[in-house]
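Chains as they are written, first to last, in my numbering: chain C, 1 to 245; chain S, 246 to 468.
Just so you know, the hints here were simulated from the structure itself, not pulled from any lab data. Treat the hints with care, since some could be wrong.
One side only, chain C facing chain S, incomplete, derived with CB under 7 Å [to be verified]:
(1) Leu39
(2) Leu40
(3) Leu89
(4) Thr124
(5) Leu125
(6) Arg128
(7) Ser133
(8) Asn155
(9) Ala215
(10) Trp220
(11) Ala223
(12) Val225
(13) Gly227
From the three backbone atoms N, C-alpha and C, an ideal C-beta is built for every residue, glycine too.
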Amino acid sequence: MELPGPKIGPLFVRQNNVAKETIEFVGETLSLGDRLSELLYGVLMVTSISGLVLIGEPGGENDLYYMLVVLFITIVMWGLLDGISYALLSSANRAERETLMESLQAESDSDKRNKAIVEDLDETLIARLDDESRSQIAAIIGNGLPRNAEKMTKNKLTSYEKDIVLAAFLLDFIPLIILVFPYLFFDSVKTAALTSHIIALVMFVVLGYYYSKYAHLNKWKGAFVCGLLGLILVVFAESTNLVLI
Amino acid sequence: MAFTYRDFLGAYTSASERYAEAFYGIIMVTGCTGMVSLGVPKEEAGVQFMLWTALMVNILWGLIDGFTVIYGSMVDDAASDVAVKNLRSGEDIETATAEVIDSLDGSLIGKLSDQDKTKVVEVIRSAKSYTPLVNKLRWADIKRILAIFSIDFVTVFPVSLPFIFLTDVTTAVRLSFIIATFLMAYLGYQWAKYARMKRWKIAILFSSFTIFLLIISFILGGI
Numbered sequence: 001m002e003l004p005g006p007k008i009g010p011l012f013v014r015q016n017n018v019a020k021e022t023i024e025f026v027g028e029t030l031s032l033g034d035r036l037s038e039l040l041y042g043v044l045m046v047t048s049i050s051g052l053v054l055i056g057e058p059g060g061e062n063d064l065y066y067m068l069v070v071l072f073i074t075i076v077m078w079g080l081l082d083g084i085s086y087a088l089l090s091s092a093n094r095a096e097r098e099t100l101m102e103s104l105q106a107e108s109d110s111d112k113r114n115k116a117i118v119e120d121l122d123e124t125l126i127a128r129l130d131d132e133s134r135s136q137i138a139a140i141i142g143n144g145l146p147r148n149a150e151k152m153t154k155n156k157l158t159s160y161e162k163d164i165v166l167a168a169f170l171l172d173f174i175p176l177i178i179l180v181f182p183y184l185f186f187d188s189v190k191t192a193a194l195t196s197h198i199i200a201l202v203m204f205v206v207l208g209y210y211y212s213k214y215a216h217l218n219k220w221k222g223a224f225v226c227g228l229l230g231l232i233l234v235v236f237a238e239s240t241n242l243v244l245i
Numbered sequence: 246m247a248f249t250y251r252d253f254l255g256a257y258t259s260a261s262e263r264y265a266e267a268f269y270g271i272i273m274v275t276g277c278t279g280m281v282s283l284g285v286p287k288e289e290a291g292v293q294f295m296l297w298t299a300l301m302v303n304i305l306w307g308l309i310d311g312f313t314v315i316y317g318s319m320v321d322d323a324a325s326d327v328a329v330k331n332l333r334s335g336e337d338i339e340t341a342t343a344e345v346i347d348s349l350d351g352s353l354i355g356k357l358s359d360q361d362k363t364k365v366v367e368v369i370r371s372a373k374s375y376t377p378l379v380n381k382l383r384w385a386d387i388k389r390i391l392a393i394f395s396i397d398f399v400t401v402f403p404v405s406l407p408f409i410f411l412t413d414v415t416t417a418v419r420l421s422f423i424i425a426t427f428l429m430a431y432l433g434y435q436w437a438k439y440a441r442m443k444r445w446k447i448a449i450l451f452s453s454f455t456i457f458l459l460i461i462s463f464i465l466g467g468i
């Protein structure tokens, strides 16, 4: 039986789709290693900044409001800076590859040309193949690279790189906003900071676990090391009076 | 011929990586010193505190950055290793093919036609042998971490200089921000030159980041 009143079902479906599409978008744009690194940087950034701001012991009844503003700016700024620098890095890597292509085009000595191709492949999974297969792949590249291609004079961010800016921003902003929530729900800055740092510690442990899991390392060791890193950050800060928790 | 510091960096980091590390380092230190300046005493003790903060942030960031770069690439290497194993065992070939091509996209293979990329995948699939990845921290990785750490430390050190030579916090922080702004402009210019982008546009964009941080600190009552 259908209940009277506004239909909220489709609204939830739409919200679910947006969340799913956002996750898919971030997943397609950034590699798993990059996603984990970005998250770790972000948690570290927010924890450090909230600790550092607390040294100032912002006084008066606007403490919480003050912390909220600072942390919100931190997350937005960090997300944007991270995204922009990441996109520029990708663009610089593209230019680096173009330079290599141009030097290969200019190289008349086939041995030197081949050596440069093999060197480029050395840092990829191709390096783990047998010698014969590596040579075959080098030959495919040697014959298949576009010849007399138009020289890249000006480099611009591609649409993929613009997507990177957005993906890195979303990846930083969405999970890190959790660390700001305590400042919305508690009356005292100290309690809010303590809760935020405990959440950050849990995030450190979870990130360490997944880092190691996907790097095929010992998961619990990874969780322990990352957790310890977070703990050192908080305890060191407390012992030097950097963080008031 | 002597092995110089420049050789060491060249051996363990790419040029674009070095620019990115310097960028992160400067932003980290200026962001943190800006926030700390909100509450430190304005006399000499405050300057000393700021110096320690800048150095600690610098050292910690350099180390963490180095380790995460290594572990991040370990995660990606492991993912491509799984994709190759799936490809060679015939398990979910379509996904494995896409993942293998994706992981090779940053190399010259990314410049090949789809047809040639398929040939490369076929060679990987039918290769006589493939050495599985063993992920562990090797001496070369540690050297890479040290290279990244040193880039952060060396680049950011000028930003800390005012805290060594000055006794007034406000002047030191402002001077530190000015140095950081020029450093960022120079970095942006060089990075854009390397990436064949518009040099002055990127230089202005980069320096505007530190100016924006300065404005935020100023509005919040820091400097």
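Hints, one by one, checked against the model:
Taking 7 Å as the C-beta contact cut-off toward chain S, the hint placing Leu39(C) at the interface is violated, the least distance being around 10 Å. Restraint check, Leu40(C) versus chain S: the minimum CB separation of about 6 Å is within 7 Å; hint holds. Residue-level restraint check for Leu89(C) holds (minimum Cβ-Cβ distance to chain S is 5 Å; threshold 7 Å). Checking Thr124(C) against chain S by beta carbon gives a least distance of about 5 Å; that is within 7 Å, so the hint holds.
With its C-beta approaching chain S no nearer than about 5 Å, Leu125(C) sits inside the 7 Å limit, and its interface hint holds. With its C-beta approaching chain S no nearer than about 4 Å, Arg128(C) sits inside the 7 Å limit, and its interface hint holds. The beta carbon of Ser133(C) is positioned within 7 Å of a beta carbon in chain S (closest approach about 4 Å), and the interface hint is therefore held. A distance limit of 7 Å between C-beta atoms decides the matter here; for Asn155(C) the minimum to chain S is near 4 Å, and the interface restraint holds.
Interface restraint check for Ala215(C): the shortest CB-CB distance to chain S comes to about 4 Å, inside 7 Å, so the restraint holds. With 7 Å as the threshold, the beta carbon of Trp220(C) stays out of range of chain S, its nearest partner Cβ sitting at about 15 Å, so the hint is violated. With its C-beta approaching chain S no nearer than about 13 Å, Ala223(C) sits outside the 7 Å limit, and its interface hint is violated. At its closest, the beta carbon of Val225(C) sits 9 Å from a beta carbon of chain S; the interface hint therefore is violated under the 7 Å criterion.
The beta carbon of Gly227(C) is not positioned within 7 Å of any beta carbon in chain S (closest approach about 14 Å), and the interface hint is therefore violated.
The structure shown violates the earlier hints numbered 1, 10, 11, 12, 13.
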